[in-house]
Structures are given as C-alpha cells and as structure tokens.
Amino acid sequence: MIEQYRIVLRNCGVIDPDSLDDYIKQYGYQALGKTLAEMTPADVVAEIEGAGLRGRGGGGFPTGFKWKIAAQQKSDTKFVVCNADEGDPGAFMDRSVIEGDPHSIIEAMAIAGYAIGASMGYVYVRAEYPLAIERLNRAIDKAKEKGLLGDNILGSDFSFDLEIKFGAGAFVCGEETSLIHSIEGYRGEPTTKPPFPAVEGLFGKPTIVNNVETFANVPAIILKGKDWFRSIGTESSPGTKVFALAGKINNTGLIEVPMGTTINQIIFEIGGGIPNGKKAKAIQTGGPSGGCIPVKYFDTAIDYESLKALESMMGSGGMIVLDEDTCIVDTAKFYLDFTVDESCGKCTPCRIGNKRLLELLEKVTNGTADENTLNDIQSLSQVIKDTSLCGLGQTSPNPVLSTLKFFPEEYKEHIVDKKCSAFVCKELYQYVINDSCVGCTLCSKKCPVSCIEGEVKGVHIIVQDDCIKCGKCYEVCKFNSVDLVPGGLSNV
Amino acid sequence: MFNNLDELKTYSDELRNKKESCDCVEVLVGMSSCGIAAGAKEVMKALQEIIEQRGISGCVKVKQTGCVGMCYNEPTMEIKRGDESILLGPVNVEDAENVVDMHIGNELKISKYVIGNKFKTCLD
Amino acid sequence: MSKVKLTINGVSIEVEKGTTILEAAKSLDIGIPTLCYVDLKEFNVKNKVGSCRICVVEVDGRNNLAPSCCTPCEEGMVVITNSARVLHARRTILQLLLSDHPKECLTCKKSGECELQDLAAEYRVHEIRYEGEESSYPADRANKSIYRDPNKCIMCRRCETACNDMQKVGILSGTERGFGAVVDTAAHSKLADTYCTFCGQCVSVCPTGALTSITYNQEVIEALADPSKVVIAQTAPAVRVAIGESFAEEPGTISTGKMVAALKKLNFDYVFDTDFAADLTIMEEANEMLDRIKNGGKLPILTSCCPAWVKLLEHQFPEMVNIPSSAKSPQQMFGAVAKHYWAKKMGIDPHNVVVVSVMPCLAKKYESAREEMKSDGVPDVDYVMSTRELAVLLKESGINMSNLKEQEYDNPLGESTGAAVIFGAAGGVLEAALRTAYEWFTGKELAEVNFEAVRGIDGIKSAEIDLDGTTVKVAQASGLGNARELLNKIRKGEEAYHAIEIMACPGGCINGGGQPFIHGDTSIIKKRQEALYNIDSNEEIRKSHENPMIKKLYKEWLDKPGSHEAHKYLHTEYFERGI
Ligand SMILES: Cc1cc2nc3c(=O)[nH]c(=O)nc-3n(C[C@H](O)[C@H](O)[C@H](O)COP(=O)(O)O)c2cc1C
Ligand code: SF4
Ligand code: SF4
Ligand code: SF4
Ligand code: SF4
Ligand code: SF4
Ligand code: SF4
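Residue numbers (my numbering), protein chains in the order written: chain A, 19 to 510; chain B, -6 to 117; chain C, 946 to 1524.
The following block holds chain A by itself, in its conformation from the complex (with noise of 0.2 Å):
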C-alpha cells in the first residue's frame, strides 16, 4: 500500500499560517541560516543541481541549471520571480501552499537570491487568490520584523525584499516570458526565447522564474542534503510530487507521493477508486498541455518522461479521472476550448490553428465531418506544435493528438457511424419512446418544450424536430418506455 509523503505540503495543515513561531518550529528559516552561514552561492547551486530538482510549473526543467545560468550573468541586478499564477484549471496546489505555508516559499526565495545574487524578488499570485495574497502579505512583515527579510538577515551581508505582483487572471500570463511582461506593466503576452529569462528577464535583468511547489522543495533540500532528496522519486525525477484529484475518483484533493509512483497506485490506494461502480476508462493530466493516458497504461510509474512518453505531460500536476461514461472526443474538444479562449492571440497557429482546430472537432461531434476530417485534424495539429511561439500554442493540440493515437476508434464511430458511446454529444443520440409506453403523459407534461404527443392511455412520441435532448422524459419515465439510441443527425 502506497503512502503520501510530504515534502511540499510538509507543513500544510500543520502550522497556522499565520504564525511565525509555528514555521520556526518547524525548522523554519533554518535553511536559509545555513546558506548565509556555512555555504557560498555557488554550494546552493550546486546543492539544488546535486538534488536533481526539476521545475514543478510543467516543464520540469532542472532547477540548478537554471540558477546556475543566472548567477554566471555579469550584472548589478537580478531578480527571482515565483510563478504562482496556477492557471491550470483544475490544480491548485499553488494556492495550498501559500496558504498554508507562505514562510516556506519566502524563505526559499530569499535561498535563490542569494544563490544567483538577487535582492529584489516579486510572487505573482493571480488576483483570484484573495486569502494567499493577505497570508502572503503578513508573513513577509513578520519575516520582516525578525530579521529573516529585508537588510542583513540574520545579521549576514545579504539583503533580499519581496514584492507581491497581481496576476491578470489569463492563463497565457503562467508562461514565464509573459508573465514577466505583465510585471513590467505591458501586455501579458509571450516573447520569443532565446533570450531566456536567466540571461535577460525582468526589466532585461537575469531573472529566475521558479513555480511554488519548486521553490517550496528548496528549503527541505537545504536542511536534509541533495542525497537525501535524490533517494526519493525516480533516478530521473527525484522527490515527490503534487498531484490535484478529480473527476470520477472518491477522494477528489490534494496529494504528494514520490515520484514513480503507478497511476493505479494513485487512483486505487490514494483515491479510493471510481465512483458508482464505474470503470476508469483514462486519466488525464498535464491539463490543457497534457493528454488521456487509457487503462492500459495505468501501471506506469509517474515522471516526467514516462508521462511524456504516453503523449501527456507532467504539467502542474492535474489529474483527472474519466470514467466509461466519458466521451474522449468531447473531452478533448474540452481543453482546446480552454486553449482557444486562453491563447493570447498573438501568433497565427495558435490565435486561428486552434480555432480551426476546435472546429473540426466540433464536426466530429456533431456528425458532419467525413473521411478527411481526421487527416485535417492531425495535420493541423502537427503544424500548430510545430509553428507556434509559446508553450501554450506548441502544447494545445497535446489532447487531441493523444486521444486520436489511443482512442481512434472512438473518434471514427463518431466521425463513420455517426455514434457517441458515452451519449455525450447531443447531436448524435436522441430519445425515443418504446411500445411499452402505457400513456401516463408524466412525460409530455414535463417536456420543457412540450415536443412529446399522444393520447392519455396511448403510446407517446417524442417530435424530435422540436425535442432539445434535456433528458427530462427519460428521466420520469416510471416504465422504462424511453430510450436512449444513437442516431437523431437527421433532427438537428
């Protein structure tokens, strides 16, 4: 039986927020003591490269690598940045902590500064996040106030003050270069890299943007050394990660488990399963960039490159549980919704791709695409990934790509049989009613729309011209007169 360990959300639920003295218990600021005291910038670096601590926000891309390229810039300024504009809809982990925990994210960034030789770090928290933002605030004054933030802490030469940024609320300011540009003031859209942000980041300076849960990793990798991170998770990705449940699963929150652990672990052991009886049919992660991985394939052992491997993506660690019931086709018209109404506008495969893209889906679902719909939606895909300017546009197709390679057959009964399994898209099912009606006209009297005919005593019809698929009769149906079948293109 799989346990959670809490590396992350190791104070979480623990301490009051709050309170100083709680952190402090905790071992609070201690790693940020032991930097300033007993190791130069260039030993955190090389602590946090050691660790193998790979960025939490989706990437996963190696943490003291990055610092490593900050601190070697020659400049006067530089900045540390922590990207708590979680706008993966569905996770939330970001939020959790610093509501839970606020000290352990300032205390790791004051850790960074030093690292890369920064004094001026800002959190851009989504403004949507009212409760983190306050916590946030008064743990700084009392870091403040004690001499853990701001001039000479803890008695060192190191100065390092935070500044909280309010996140515009769209999703394309989670991308590092756009939310930069929102932080100066300009329009929250991405710019090309090279130049990467830890050569040439806020306002031009060297900046490192880090996620929360990667720095909240930070201070624990201090105090209990590289090794001991490294003996967690998986050769490739060491430690734990923080996985958001939901959908067709029992216990739907927040985990940490280490790395490697099995999806079925995850959704059996952790989550208590799928609801009702149901049976998991796929699990979804990586949010709007991810993909569906199916059944088959729940016995992998999560990391970065199992996940990418299977078509999704670590992400910021949503998981999703579909269960039969689910359609594949409409769940990945789902997310490229997400996409077409997030994507910044900027570049054309993304700004009209995706458009595109979302309509050609739209004609899967509702029966009128043909046999060269499925062809238009790989190329289309290919070319968006391939020709967009941010990891928003080169990810967007993510979902529909991974369900076509392992649901192709759902796809095709759409698209041939003009079919929806799961009866999900409305315009390929309707209801009708079979000759065991005895005239109750319980139906026809709840029809919103009062489409369904017939004598008291006499079997009823449903006029599917007029019928909206509510689902109403089906539902009061005490005879089990009304069925649900495929078909009813004709009617729409």
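Source of the hints: derived by calculation from the structure; they are not laboratory data. It is possible that some hints are incorrect.
[What the hints assert, rightly or not] Derived coverage of chain C by chain A (criterion: at least 3 residues anywhere in the stretch with Cβ under 8 Å from a Cβ of chain A; other residues may be distant): (1) 1015 to 1023; (2) 1040 to 1049; (3) 1118 to 1130.
C-beta atoms are modelled at their ideal positions from N, C-alpha and C, and glycine is treated no differently.
Dock chains B and C with the ligands against the given chain A, drawing on the hints supplied.
For chains B and C with the ligands alone, kept in the frame of chain A given last:
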C-alpha cells in the same frame, strides 16, 4: 529579531521543547480557501463557543491551519493530544457539538468523523 | 564580436554572433518569406515580434520549427529552409491567415501592393483547407486621413512598433485575446478620438489593407470634369523624388517634369508648385524667428509645416502651444495665395477654384480640414491626394508617366528656389530658413548655403550657427519619438535652442505616410533625400527671399512679411487638445 542562525535555532528548539502543563488538546481547523468555502470559519466559531461554554478553553486550543488536501471531506480538522493525532471530516456546524463530545471530551479514536491519520512528512 | 559557423541548406557560412538565421540566409541569397518582420535599418527600428510564423525553418536537434527572423545563429547549427515540413507549415500558416481574412482582393485598396496577397500568390494557395468562423470588426473611417479595417489585420504588429517604438505616440496595440485578438486603439475608440497625429507611419508599414489612406480621388475626378471649376494642382517637394517608384523608376529618380506633364494630362487647369509656398513660408517664418531673437520673444521658435507634429504638440505639450511659428504650412499658404491673390488677378471667383494638393503625407488631409484653415470662409485646400493616390489616378487614366515629355510648372505659382525643394527632407526647412535669416540679420551675402550639420536622416541633429558674431543654436528632430525626446529636454530645461525644426516622419516628408511603399527598404529614403539635395544644388536661385515671384507677391499684395494682410491669410493658431 534574530541576529544569527544560532539564535534562530535556539528559539526553534525552545518552541519544540515547550511542554504544556496539562494533557492539552489542540484542534487544527483547515482554513484554506477550500475549507472556508465549505464552512470552516463557521465550524471554528462554533467549536470555540462550545469550548467556551463548557469552560474547557484552558486546555483546548482551537487553531487555524492550511489545507490537508482532502477536498472531499472539507471542512476537516485535526485533533492532537500529545503525540497522538487524528484527522476528522467533514465536520459541519451541526457536528461541532458531537465532535467535542466524542473526540475532545473522550479519547475515542473511531467515529464517523475519523478519516485517517496525519500524513508522513519529511520533518517527521 | 565572436563568430559562429553554421550551415544553411548545406552551405557553410560564418556570421557574427547574434546574427539571425534570416539575416544569414539572406546573405547567402536564400529567400525566406516574412510578413511581420520588418527592419527599418536607417531608423534603428525593428519589428521582430515573431508573430506571423511564416519564416519558420527546420533546425537540426530542435523539436519544433524555428522562426528565422528572431532565432540567433549558433555554432554548428544545421538549418534547412525549404524542407517539405517547412513548406507545409508555411502553406498552412498562409491558409490559416486567409481563413480569417476577407477575400476581397479584387476590391481591396491594397490590392497589387499587399504583402499577404503576394505571398498567397507565391505559395499558390488555391484552396483554403481550414475554413471556419471569420472575425468581424467595425471599420473606422471617421477621419480625413486613415482608413482602418481590422478585418484585414494579420496581427503582424508592425503598426504597433511604428506608432509605439518609433513615433512613441502609442495609439495602436494588441487588444483582446485568442481568436478575437486584434490590433486596435486602447478603448476601441476611433482614431479621431485619440491623440493619433495622422502621421501615417503605421500605414507605411502595414503589409495588408488593414491600414490605408482615405482617398478623395473620386471627388478630384468629378471636379476635373466639372466645367464650372478651375482645378489647380500643387505638388509638394517630396513627391517629385518618389512618384517615379510607382512607375518602376529607380528610387531617387527626379520626376518633376514628367509629373507636371502627367497632371496636365489629367486635365488640371494649372499645375503649380507647393515649393512656391515653401519659399513664402520661409519669408514669414524667418521674419518671425528674427523678430523673436531680436526682441526677446518666446524661444525656441518651432517650425509648423508638419501638421502631424503640430497635433502631437497640441495634445501632449499643451504648455508649448504658443511657441511654434504661427506661419501656416506651405500647403495651406499655397491655397490661400491661390484663392485670394491669384484667383483675383485672374478674375476667377475663389469659390470656383478647386485646390488639389499632391502630398507625401496623410496628415495633410487632416490639416486641410482643420476649421482654421480657411480664409474669408473659403477652405485653403479642397482635396489632398497622396503620392500613391496620384499614381493610382494616373494608372487608372491610362497615363504612363515614365513615357511623358517633361513639362514646366505654370506661372506664377510654379516659381521656386532650391531652398524650397529641400523642405521635403528632414532639416530642409531649417536650412532654408537659415539661408534667409542669415542674410537678413547680417545684411551680408551668405557664401556657403549648404548647412550640412542639419542634413541627414539621423533622429536628432543640432548645430550652432554664427550670424556674424551672434550665435544661434538650432536643432532638428525627425520622427515623433525623437521630437518627444527633444521637447522633453527643453521642457526640463536641459537644452535650450533658438530654433527647432520638427518633422513627424523619420527622415522628413520623403518618408511620409503617403509615399510609395518601401516595404522595409530604408535605403530608398536615403536615395530620395539625395535627389532633393541634387535638385537644390542645381538651382540657380537657392534662397527663398530671392524668388522673384515671391518678391512680386509682397509688392502687389502682402507688403512685407508679418504684415496685417500676411497674418490674415498666411498665419494660424494652435489649440490645447487634450485627449
Ligand atoms: C501557457 C503556459 C502557462 C503556464 N502557466 C504556469 C503557471 O501557472 N505556473 C507555473 O509555475 N508555470 C507555468 N508555466 C510554466 C512557466 O513558463 C515556467 O516554465 C515555470 O514557471 C518555470 O518554473 P519551474 O521551472 O519551477 O517549473 C506555464 C507555461 C505556459 C506555456
Ligand atoms: S502560442 Fe498562443 S499563447 Fe503563445 S504566443 Fe502564440 S498565440 Fe500567444
Ligand atoms: S428529452 Fe427533453 S425536450 Fe426531448 S422529449 Fe424528452 S423532455 Fe422533451
Ligand atoms: S489585404 Fe491584401 S490579401 Fe487582403 S483583401 Fe486586401 S489585397 Fe487581398
Ligand atoms: S498615424 Fe501615426 S500616430 Fe496615428 S496611429 Fe498611425 S503611427 Fe500612430
Ligand atoms: S494593422 Fe496592419 S500593420 Fe497593424 S498589425 Fe494589422 S496587419 Fe499589421
Ligand atoms: S513629416 Fe511631412 S509627410 Fe510626415 S507628417 Fe509631417 S508633413 Fe506629413
């Protein structure tokens, strides 16, 4: 004001070594946005009132904490007595009285509210 | 600078570090299409946003394709610019652009000069594979100068770069998100309700028909056909050195005589020269300048011939609205003289005179419609057409300007000096004013008429001129961004000058918003500039006050510069405009 690492460490040790005089109970209510949305604020207030009424506030401390991650059981709380601890949830305002009876007044470790133990962390 | 070695399509090349793949490929004569990228080299402005993605290439070891316009070359890079994958991607990008674009080429103002249309032709996009919802935005034509049709915008952001980075006016920028993203004014307001100066630099760089000029060609055609009207043309200095480009002449070709001939072929009753009025402007402006220097008036005196710059001042430097010269611009002076002096002499009712200006400029359209630009209730100028629009009208009328025999301007308003023609280049007005001011102030003949220090297309230039013992400090700024910089310094008291010339367009009117498109090749601007100075140096008379017709004008009508009559017809005032 901490002037160096040693001062910080000493203070930290002191906090950890401080033993309560009696067999005190600590109630940690999950007060993150999700907990608050599920009614944690009201539950915390109810608990405080009941404890006040019963005159046991001297040895029962109600505190806020962050999210333990169990969305499906919010509002959640942890009850700590010495080294022992249990997680409870969902505890609504109507349940407050019950919880005080069963878990604060007694040493009961099993009830419909118990959802498990504290998670293992790297600081254990 | 260190060097890096790479191969492009199998050819090795060594370039300086920081060179982009696009630049490296260009030096190997390997063509890569671009849409959003533009390098206005001479003005140090680049649009390098990497938004259109048409310039993608394949780079070994990279997962996705690389935008060549903004990807620096690296040691050992292996680049392919024309693989099947690349060509497929480019064609798809084009198809996507066209799928959300009005397919109106046949009726589009930009047709024939549109970079999107050219690319679609080059890539033989004969079907649009992905069709779907098309954007629909309201067009804005509620002003005299610029027509904005966001439906044709491809989000290349060139206009944004021109307006924000170069002109620093900040009117246009990316707005909204996703499929609804479009370049627009901040509050989606009409240009007329912003502090847009109508300089037209955005129009100059726009690759498509999203930004074009508002044309009055039809009105001109109708006036020309109306027997009750006397229709006269005036041509600005910068037009003669640019219009040839529209007839496949080499940039820098001087087409004065052919242009006059072409206008006559269009049945203009008289073809006059704005240069005449430029000389007149110098008379008034130099007089005002000396008056202010001698009598302790407000300094610096700022030139006022550029309406876009005047509008910027009115919006953004309200405390300075009383320092430009009160002299009207040459275009407006010309109209006033034509209608109130020449018409009278000819016995024509000024109401029946139609003045058509041919200008390198879009702001001139706006200027001619300003309420104050009237004398005795008659507008000085009736219609303004841009250089490009004249070329269109000529082609439509079947006139191939290149093949015409040169003709002379009509008299008397066709007479001008070398000082007037250089008005078209940044620094020219100042130089012309100095030629006259020197002689008036010192009473001596100016030996060296060339003031090289104020010439050239650098953004800001300054010089100290010795007026026989009195030093006059002058400065010149072209491009509104540079103008703002200079004015801010004056505002803060960091710099002080006696006289300043400001031109809204970088390099002056030769680079005006109404000139033939240069498609990013700023060397063309330099050639136009050289041509103007050539005309000047070949003129016999090179000082405005020596223009015999100008002398006659004062004798017969205005008496002397700054007279009551001159003020009535040739001077104007400026207003604080707010936003
Ligand atoms: C569209 C898009 C949205 C992103 N949103 C976030 C986000 O909300 N939070 C985050 O930490 N990283 C986000 N990222 C990743 C950041 O660009 C960046 O890689 C990350 O903050 C680096 O931190 P890390 O190395 O610690 O993960 C996003 C990337 C893209 C392309
Ligand atoms: S890929 Fe999408 S989000 Fe990223 S720059 Fe292009 S349009 Fe904007
Ligand atoms: S599905 Fe709804 S609309 Fe259709 S017949 Fe039944 S009740 Fe009426
Ligand atoms: S903007 Fe270009 S492509 Fe579009 S309609 Fe006009 S000419 Fe055609
Ligand atoms: S005309 Fe000039 S000021 Fe107006 S939007 Fe265009 S570039 Fe900007
Ligand atoms: S208006 Fe023209 S220049 Fe501006 S972004 Fe659109 S297409 Fe480009
Ligand atoms: S510089 Fe010349 S072309 Fe440009 S706006 Fe001014 S007057 Fe017009």
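Hints and how they fare:
no. : hint         : in the structure
1   : 1015 to 1023 : holds (count 3)
2   : 1040 to 1049 : holds (count 4)
3   : 1118 to 1130 : holds (count 9)
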